[in-house]
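*Asks:* Kindly produce the complete structure, drawing on both the sequences and the hints.
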Amino acid sequence: MRKYTLFTLSVALILSLINVTAPIRAQASVELKPCSLEIGLGDVKQKIDADCGVLPVPEDRSKPDGRQLDIHFTILRATNPASKAEPIFHLEGGPGGSAISNFTAWYTSYRSLFPDHDVVLIDQRGTGTSASLQCTEIVDTSLADLKANRTPADDVKIGGERLSACLTRLSKVTDPAFYNSLTMADDTDAVREALGYDKINVFGNSYGTWLAQIYLRRHEEHVNAVVLDSVVGPWNNFLLDIASNSEASLTRIFDLCQADTVCNEKYPQLRDKFVKALDTLEKKPATTTGTGLKGDSHPVVMTRARLLEAFRQMFYNSSYIGTVPQAVTNAANGNYSLAATILVSSAEQSKDFSVGLYYSVICAESVPFYTDALIKQYDPTKYFGAEKSSVEDARQTCANWRSAELDEADVAPVKSDKPVLILSGAFDPVTPIAYGEETKARFPNSTLATFPYQAHGLLPGSKCAQNLTRAFLLDPTKPLDTSCTANDVRPVFAGTFEITLKPFSNPDVPIQLNVPEGWTYQPDKSTDTVTFFASKDNVHLLGAGVIKAKSLDEAQQIVSEAIKNAYGIVDAQFTLDFLGSRVVQQGLDNPDQVYTAALTMVGTGGNYRILWYAAPNNVFVSSFESVVPILLSIR
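Residue numbers for the sequence shown follow our numbering, so the first one is 2 and each next one is one higher.
Don't read these hints as lab results, they were simulated from the structure. Don't take every hint at face value.
To be verified - With a straight-line Cα cutoff of 20 Å, these simulated SDA-like cross-link-like pairs (lysine to any residue) come out: (1) 565 x 548; (2) 48 x 573; (3) 158 x 400; (4) 383 x 295; (5) 551 x 583; (6) 274 x 327; (7) 267 x 491; (8) 173 x 338; (9) 158 x 310; (10) 549 x 632; (11) 352 x 161; (12) 295 x 58; (13) 48 x 78; (14) 173 x 401; (15) 158 x 491; (16) 526 x 561.
Unchecked claim - Ranges between beta-carbon positions, derived for each pair: (17) 580 x 152: 36 to 46 Å; (18) 593 x 158: 49 to 59 Å; (19) 288 x 580: 27 to 37 Å.
Ideal Cβ positions, reconstructed from N, Cα and C, are used throughout, including at glycine.
*Replies:* What follows is the structure in structure tokens.
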């Protein structure tokens, strides 16, 4: 259940480019020190003021005086000093993700929450800086492994051997059997108590929703409200469902393309092409290359299993939904570059994900409860394999790891009267809307918001999800209007975004250029340096200009200030410099929409032509390439 959010967006650029009762608070009993939290990707970093602390907790809670683990946490303070709202404890996905280091993906989506709430990030035991169960034996070879031609059985065997070696090494200093959702929930409450909070809001994403529900069962008296983004629990049997859920996502994308006249004409018979690509690789794997986050190429042996995994990862990310028909067609024609790039990106990020913690959780809370009788209830899928074989693989892997022995009651569905907000995306291949519906049935005071064109992890990419979360946490008892989900932006399919460029000139505008037909000049937002345009539906935003500056850095600062004044706060996420030019991936925090943007700057001698393009996350990747030619027309 890993999440791939802002990190994978940089690949696209490389490819082309209140009314609340005050909570009872006690004096904090743990030392806090001023610190800074780094936000950003690659060479784009900003430091956010925070408080940091470390809380020792027993590894084995039945032996409070035994071996201790240091739990690291970071607090981002509410910017409104008068706010009395409960803090938000952010529970990261995985299991295995670091809440502190991964907050880069969440920072902008929390911006509207910062005025009212402290935000507490905990590196749970086994992750990040808190006694990590990282298996370097596995992650250090992730990229090199893509060069090897292996069968799935080979991967299971080799992975099991490496996991066993990891266990041998880690067992000298810790016991992975004490790393599970129950102990992590108790660690979370220990941090709450040490910080002096009485009641807290709990936000969980993906596996974080699993942990949030376990926390709710064990410490309900300290919960004010819960937000579950892409919800799942051990009772949902996600490993048994993952093949059929992935297939459902694929079918939904194929159906959406078929219903789109332009997409269907450009990419007909997608199912046949998908089968052709799989059959070809089944007979003979292909050698290709994928592009890394720094623009470098890496060899990849594309097998049937790896192609399926690449597509499954694409389903995770709303930004890549629109690229699937093109990627399927390319794969059928022997072009696996996008799929390879997705795999390379995943391998490069694997060091941020604690493999050992992942297995400590699923080998204790999922796999042991998958009985043969339960498995027989699942039919094999057409493309993504049989659940039985995937569970057998998991059983083999878990045999190489030490995990807790839990009772069924420990992983039984959680019930509560606490207010709960559930966010679910229709394209999600691992935590589908069905899980959201099942969750809602268990929580009588819950609201389910479903998004027809989103995938896994709603908050970073949906302004509607952000607004709902803010309104809910300001007053969890108030009925929530979820009608904004009806305005969810439909994805644009790659290769179908057709624009006709027409010359534009205006005596009040200092430049001439070609702009898409029907897009309108926005004089109220334009400046002496940047001229802005918008599509009729305001989904697409465009900026262009010729800027005099001493450097690319100065030019970027001038443009960013103009964008901020016109549309909202812009955050640089990733920078790629080449041959005196620069492409900057950005996030635009607009009151009405979450945008991904690209700022391209080209020039010499102090004159820089600039092109800025922004679109919703699930539109940008598929449409960016079509607007790039505008840059050449600017004069």
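*Asks:* If a hint holds in the structure, say so; if it doesn't, say that too.
*Replies:* Each hint tested on the structure:
no. : hint                  : result
1   : 565 x 548             : holds, 17 Å
2   : 48 x 573              : holds, 13 Å
3   : 158 x 400             : holds, 11 Å
4   : 383 x 295             : violated, 36 Å
5   : 551 x 583             : holds, 14 Å
6   : 274 x 327             : holds, 11 Å
7   : 267 x 491             : holds, 18 Å
8   : 173 x 338             : violated, 42 Å
9   : 158 x 310             : holds, 18 Å
10  : 549 x 632             : holds, 16 Å
11  : 352 x 161             : holds, 18 Å
12  : 295 x 58              : violated, 39 Å
13  : 48 x 78               : holds, 14 Å
14  : 173 x 401             : holds, 16 Å
15  : 158 x 491             : violated, 42 Å
16  : 526 x 561             : holds, 13 Å
17  : 580 x 152: 36 to 46 Å : holds, 42 Å
18  : 593 x 158: 49 to 59 Å : holds, 52 Å
19  : 288 x 580: 27 to 37 Å : holds, 29 Å
Against the hints set out earlier in the document, violations occur for numbers 4, 8, 12 and 15.
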